[in-house]
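Asks: Sequences and hints are given; from them, build the entire structure.
Chains as they are written, first to last, in the working numbering: chain H, 26 to 367; chain F, 26 to 367; chain X, 26 to 367; chain V, 26 to 367.
Worth double-checking, as some hints may not be accurate.
Pairs count within a copy or across copies, as identical chains cannot be separated in the list.
Cross-link-like lysine-lysine pairs, in silico, DSSO-like; alpha carbons within 30 Å at most [claimed, not checked]:
no., residue 1, residue 2
1, Lys286, Lys81
2, Lys276, Lys211
3, Lys129, Lys211
4, Lys276, Lys249
5, Lys164, Lys273
I should point out that these hints are in silico values taken from the structure, not numbers from a laboratory.
There are 4 protein chains.
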Amino acid sequence: MINVGIVGGTGYTGVELLRILSQHPEVNIQAITSRSEAGMDVTQLFTSLRGHIDLKFSDPAESKLDKCDLIFFATPNGIAMQQASALLRAGIKVIDLAADFRIKNVTEWEKWYGMSHASPELVAEAVYGLPEINRDKVKDARLIANPGCYPTAVQLGFLPLIEAGIVDTDRLIADVKSGVSGAGRKAEVHTLFAESSDNFKAYGVPGHRHLPEIRQGLSTIAGKSIGLTFVPHLTPMIRGIHATLYAKILKDVDLQALYEKRYANEPFVDILPVGSHPETRSVRGSNLCRIAVHRPQNGDIVVVLSVTDNLVKGAAGQAVQNMNLMFGFPETLGIRHAPLLP
Amino acid sequence: MINVGIVGGTGYTGVELLRILSQHPEVNIQAITSRSEAGMDVTQLFTSLRGHIDLKFSDPAESKLDKCDLIFFATPNGIAMQQASALLRAGIKVIDLAADFRIKNVTEWEKWYGMSHASPELVAEAVYGLPEINRDKVKDARLIANPGCYPTAVQLGFLPLIEAGIVDTDRLIADVKSGVSGAGRKAEVHTLFAESSDNFKAYGVPGHRHLPEIRQGLSTIAGKSIGLTFVPHLTPMIRGIHATLYAKILKDVDLQALYEKRYANEPFVDILPVGSHPETRSVRGSNLCRIAVHRPQNGDIVVVLSVTDNLVKGAAGQAVQNMNLMFGFPETLGIRHAPLLP
Amino acid sequence: MINVGIVGGTGYTGVELLRILSQHPEVNIQAITSRSEAGMDVTQLFTSLRGHIDLKFSDPAESKLDKCDLIFFATPNGIAMQQASALLRAGIKVIDLAADFRIKNVTEWEKWYGMSHASPELVAEAVYGLPEINRDKVKDARLIANPGCYPTAVQLGFLPLIEAGIVDTDRLIADVKSGVSGAGRKAEVHTLFAESSDNFKAYGVPGHRHLPEIRQGLSTIAGKSIGLTFVPHLTPMIRGIHATLYAKILKDVDLQALYEKRYANEPFVDILPVGSHPETRSVRGSNLCRIAVHRPQNGDIVVVLSVTDNLVKGAAGQAVQNMNLMFGFPETLGIRHAPLLP
Amino acid sequence: MINVGIVGGTGYTGVELLRILSQHPEVNIQAITSRSEAGMDVTQLFTSLRGHIDLKFSDPAESKLDKCDLIFFATPNGIAMQQASALLRAGIKVIDLAADFRIKNVTEWEKWYGMSHASPELVAEAVYGLPEINRDKVKDARLIANPGCYPTAVQLGFLPLIEAGIVDTDRLIADVKSGVSGAGRKAEVHTLFAESSDNFKAYGVPGHRHLPEIRQGLSTIAGKSIGLTFVPHLTPMIRGIHATLYAKILKDVDLQALYEKRYANEPFVDILPVGSHPETRSVRGSNLCRIAVHRPQNGDIVVVLSVTDNLVKGAAGQAVQNMNLMFGFPETLGIRHAPLLP
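Replies: Spelled out as structure tokens, the structure:
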């Protein structure tokens with residue numbers, strides 16, 4: 026049993042962490058902080074958790090986070106980098122669900138995120154928490170950079186192709202669609218129901234912050250710099266990421282076998298049978314990534330379809346998966362929920 | 026550990042039973058039958074369950090249902106009444122999620138359901154499986170008539186008022202809204218996405234099959250015949266029932282205290298604080314019924330708001346709650362899922 | 026041809042006015058003001074209008090509204106009451122789509138709207154712009170209080186019953202459901218897609234600003250004070266109001282004939298055949314109100330179903346209908362759009 | 026004024042034709058046929074059209090289609106090819122909204138559509154009704170093959186690039202998303218609200234019938250055979266197509282200028298300013314195609330975003346545009362509706 030704290034728990038990754046952790050057999054939620062809602066019952070904000078959690082939001086200053094074994098940052102970008110250092114010095118592990126430690130090149134990070142990095146010295150140490158790639162490093166980590174939602178779905182989809190060295194990595198294309206919860210629980214006009222329902226649009230085509238993160242991950246796998254066109258879209262659903270990935274095949278291999286073999290021992294990656302089309306709802310509320318691989322008309326373009334729940338495998342679920350690894354629990358403990366369908 | 030079978034598992038109550046039972050610690054799913062899909066992997070139809078269940082649909086004739094301790098009927102109306110008798114004789118308990126055993130007056134049933142009843146002698150024996158009213162009878166039952174989705178939300182909402190005898194029961198009004206999954210997984214034009222999305226309508230105002238069921242339940246509570254206007258509506262969401270109930274108050278009591286006291290020991294009924302408005306999403310995927318009670322402008326009309334997930338507390342979850350009671354398991358075993366929000 | 030101005034055109038009633046007026050054969054849109062967006066092309070904010078309108082938002086101070094024959098206020102509550110007086114003195118007519126002039130009792134208005142009224146002397150003069158009740162007064166009006174969305178659907182639904190004096194007006198019940206656009210184009214958490222999609226809830230049960238407006242309207246029709254329980258709900262669709270109305274019948278009449286006769290000459294009220302259930306989508310984008318009247322099981326409760334598009338008959342369309350009447354144009358000119366279905 | 030008939034008017038293209046034609050100043054709708062609904066008022070099926078149309082569905086055999094100047098086929102594939110010949114001989118023009126005459130290579134057509142072609146001799150004569158490419162031919166045509174919904178959005182998006190010869194046409198990629206109305210008004214499980222709401226999926230990746238149609242169109246433009254990967258997706262909205270198109274740039278040109286110039290005189294194609302992301306709702310209910318062109322990070326991949334309303338520019342609206350051209354009416358007559366937003 027470990028004690029955990031959540032910093033900044035009023036957003037969607039926060040409530041999702043609470044949903045998962047409140048049912049995790051090895052976790053005691055010690056504190057959840059929110060400057061704006063300090064003193065309020067968590068269940069007043071998130072009625073869904075009545076009966077599952079009995080905790081008030083607390084002011085960060087008075088939260089006794091130092092009694093915790095692990096702190097999750099479910100904050101906006103730029104917060105964890107200010108507090109991680111002190112926590113680590115106190116022997117407390119940290120998982121940042123925001124982007125502060127995801128990009129190794131600090132200059133690149135500062136360009137995309139528009140701020141100076143407060144603890145560049147920790148960036149090198151931080152482990153990028155995609156267990157399917159970095160499982161062993163995660164086990165030994167003190168500080169985890171939990172991957173973004175788009176990067177998780179895209180990297181898991183491209184991974185076997187790039188590891189096998191069978192596609193042209195100069196012109197990868199990732200056409201990705203996200204549910205609206207990916208934009209967070211901030212009051213903004215463009216994510217209002219009356220704006221984003223019954224509507225579909227691309228956004229960020231000139232450049233999106235997840236582009237450098239994906240590019241870094243795929244380049245690491247490839248062992249060289251890759252080229253990627255990344256187009257995110259907003260689709261009128263609450264949860265779900267659907268990545269449609271395109272690459273030019275350079276070498277003939279059995280794609281289905283390649284994917285099945287690569288992920289044979291992965292508890293959270295499911296390769297669907299030949300000819301399948303994964304649906305986002307088939308992973309709703311679960312930590313799964315389901316993937317299908319196609320080669321239309323037997324041409325030289327491979328099409329990979331990869332779906333996740335952006336709040337689970339794309340955020341809170343993956344964070345708990347990392348936690349399990351860091352503390353020696355079974356990797357799937359507390360995150361084996363069956364998807365909710367319909 | 027008990028062995029259970031599911032007859033007719035290709036609809037939404039079927040997949041929801043599978044989701045819940047596959048994670049229930051005391052249940053082994055022995056067989057799931059479907060004439061039309063016999064031989065097909067369950068996960069081919071319901072991809073969401075890949076990794077959670079490993080079973081094929083079987084032909085009812087070859088399903089060895091006689092090896093089961095309990096059979097759930099997740100069939101259309103009119104099937105369970107033909108098979109229950111033989112199962113009961115073989116010592117197997119039965120929970121019917123359809124309507125075959127819900128109405129005690131067989132003539133009334135035949136009028137509303139448009140068929141002759143195949144085993145009227147079992148109707149008297151069947152226990153109406155609303156644990157909040159019939160808990161003790163459920164424990165001893167061989168045959169459960171699992172309540173309808175609308176009737177569950179409406180009866181739990183009106184119950185304290187009628188038991189207390191403080192409202193005019195001659196003109197109760199139940200204005201109820203359901204998600205589209207309530208119409209089942211049948212291919213029909215009016216429940217197509219392009220027909221029922223971005224749309225709202227009432228239906229069945231002249232008469233709906235849940236009217237006699239609710240009327241019977243409330244009359245039993247009242248100890249006399251009650252009068253009810255019941256208007257169901259279709260609302261563009263997948264899951265959820267929202268009942269808005271109106272009654273004229275005859276006697277002044279503390280309504281909030283009345284509700285809190287009545288449900289103080291009920292694990293699945295949650296009375297919200299004064300002034301609340303329950304949302305259907307606050308119970309999504311859970312077996313909870315959340316209720317708020319209002320007396321607008323301190324007038325003589327009480328307004329009760331009652332929400333459930335129609336597939337859980339309104340169907341499969343309540344069936345498992347009944348199963349737990351029948352077999353002496355803790356009542357909440359395997360149905361304590363936290364709601365999925367957002 | 027008249028010149029019109031729109032004050033505050035960045036919300037949904039603003040863009041809907043633009044959609045309708047840009048296609049109206051007798052209207053020249055002279056100016057549309059917005060303090061925050063002054064100088065921006067209207068089509069930059071509302072891409073849908075590219076090719077239909079060529080206008081910039083202008084600062085109210087520089088908008089030459091005095092060149093207009095008519096000003097529409099599509100502003101938040103509390104703006105029109107500050108500016109109407111000067112405009113009227115300059116001979117310019119005014120239609121306020123907000124609530125400033127809807128409630129005749131200024132004290133009551135101030136209680137519900139939480140501010141002092143800036144021009145109480147105009148309240149008496151203002152004509153409540155529901156043409157089906159006040160057509161002749163509208164024709165002669167200088168200042169129109171355009172009805173709220175809920176009040177339009179509810180009053181048109183109850184009107185024939187109350188005029189005929191055949192229902193108990195002490196305990197009318199209006200259970201009303203609105204699409205999310207009714208909440209406006211303000212950035213707020215509870216109307217985010219991820220909050221209000223796949224969800225249903227009541228709100229404002231203790232009291233909603235449209236309650237006194239409806240009560241005033243129905244009391245005027247009844248010639249005495251009526252009693253009303255009004256429960257609004259938020260439903261996950263963009264446009265549409267569905268009012269489900271309940272009243273106790275005191276006298277036996279042919280309800281269908283009553284409704285058909287009352288609205289026989291109304292171009293925008295459509296009484297559906299016996300047994301119908303109007304859908305909100307059947308009026309989407311149109312100025313129609315469709316109504317069905319039921320008497321379930323031939324009991325003593327009448328159920329009326331009334332649907333409108335909250336942005337058209339519930340706001341901008343009704344405003345243009347009033348404009349047509351005020352300026353002697355055919356009442357239906359420019360607002361005969363066929364509904365968009367599916 | 027011309028007399029038109031509609032064969033098969035009970036689907037979404039049928040009701041959309043009715044919506045548009047009932048408001049068209051030069052059209053008299055003479056007959057609308059439906060074998061299954063013969064004798065029923067059109068407005069009984071499509072309540073939205075009450076007050077806008079007064080017509081019954083008629084049996085094809087008794088419909089006096091020979092009194093018409095033009096027949097629209099809004100039928101499933103395989104009907105128009107059986108009846109077009111006799112109509113043309115009688116001097117009646119024909120617009121087929123289905124696929125019977127779209128593919129010039131009859132063998133190819135028969136492979137994709139799984140039936141023998143009943144009038145291959147007409148295939149050569151039929152004009153592919155994309156006015157932006159074939160305007161002059163459309164004017165003189167007797168028989169129009171109205172383009173598919175996906176093909177319209179994709180071809181208009183790629184057209185300027187291919188005409189200009191500046192992209193690699195061997196590996197074009199079209200990642201396209203459609204609203205659910207594109208699947209038609211057929212009762213099918215996968216398009217039920219509870220299946221396709223809050224969900225996103227690709228389908229038809231191994232091959233979709235619109236692939237050969239798009240390939241033929243783009244090859245004709247290119248003057249040589251092109252290579253295309255086409256991935257359609259189902260997105261939870263009613264109307265709308267969003268095509269995201271990718272091509273490798275071979276020659277440096279001002280892409281924005283290229284697009285603006287190509288479509289400068291096209292009334293229904295709107296090139297958005299640099300940096301824009303068109304939304305499907307910005308064309309809802311209108312005959313417009315809005316396009317934005319991007320070159321992310323100034324690399325060698327061009328990304329084109331192209332949106333249409335699948336039922337208007339992708340079906341009924343384009344059919345009326347073709348009708349206008351065939352009969353010498355102004356091209357935009359009756360199809361200048363402003364989009365419905367929100």
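Asks: Decide, hint by hint, whether the structure agrees.
Replies: Hint by hint, here is what the structure shows:
For the homomeric pair Lys286 and Lys81, the shortest alpha-carbon distance between copies (25 Å) is at most 30 Å, but the shortest distance inside one copy (46 Å) is not. Within a single copy, Lys276 and Lys211 get their C-alpha atoms no closer than 46 Å, and across copies no closer than 43 Å, so neither meets the 30 Å cut-off. Proximity of Lys129 to Lys211 under the C-alpha cut-off of 30 Å is restricted to the intra-copy arrangement: shortest distance 28 Å within a copy versus 39 Å between copies. In this assembly of identical chains, Lys276 and Lys249 lie within 30 Å of each other by CA distance both inside one copy and across copies; the values are 18 Å within and 27 Å between.
Proximity of Lys164 to Lys273 under the C-alpha cut-off of 30 Å is found in neither arrangement, the shortest distances being 35 Å within a copy and 42 Å between copies.
Against the hints set out earlier in the document, violations occur for numbers 2, 5.
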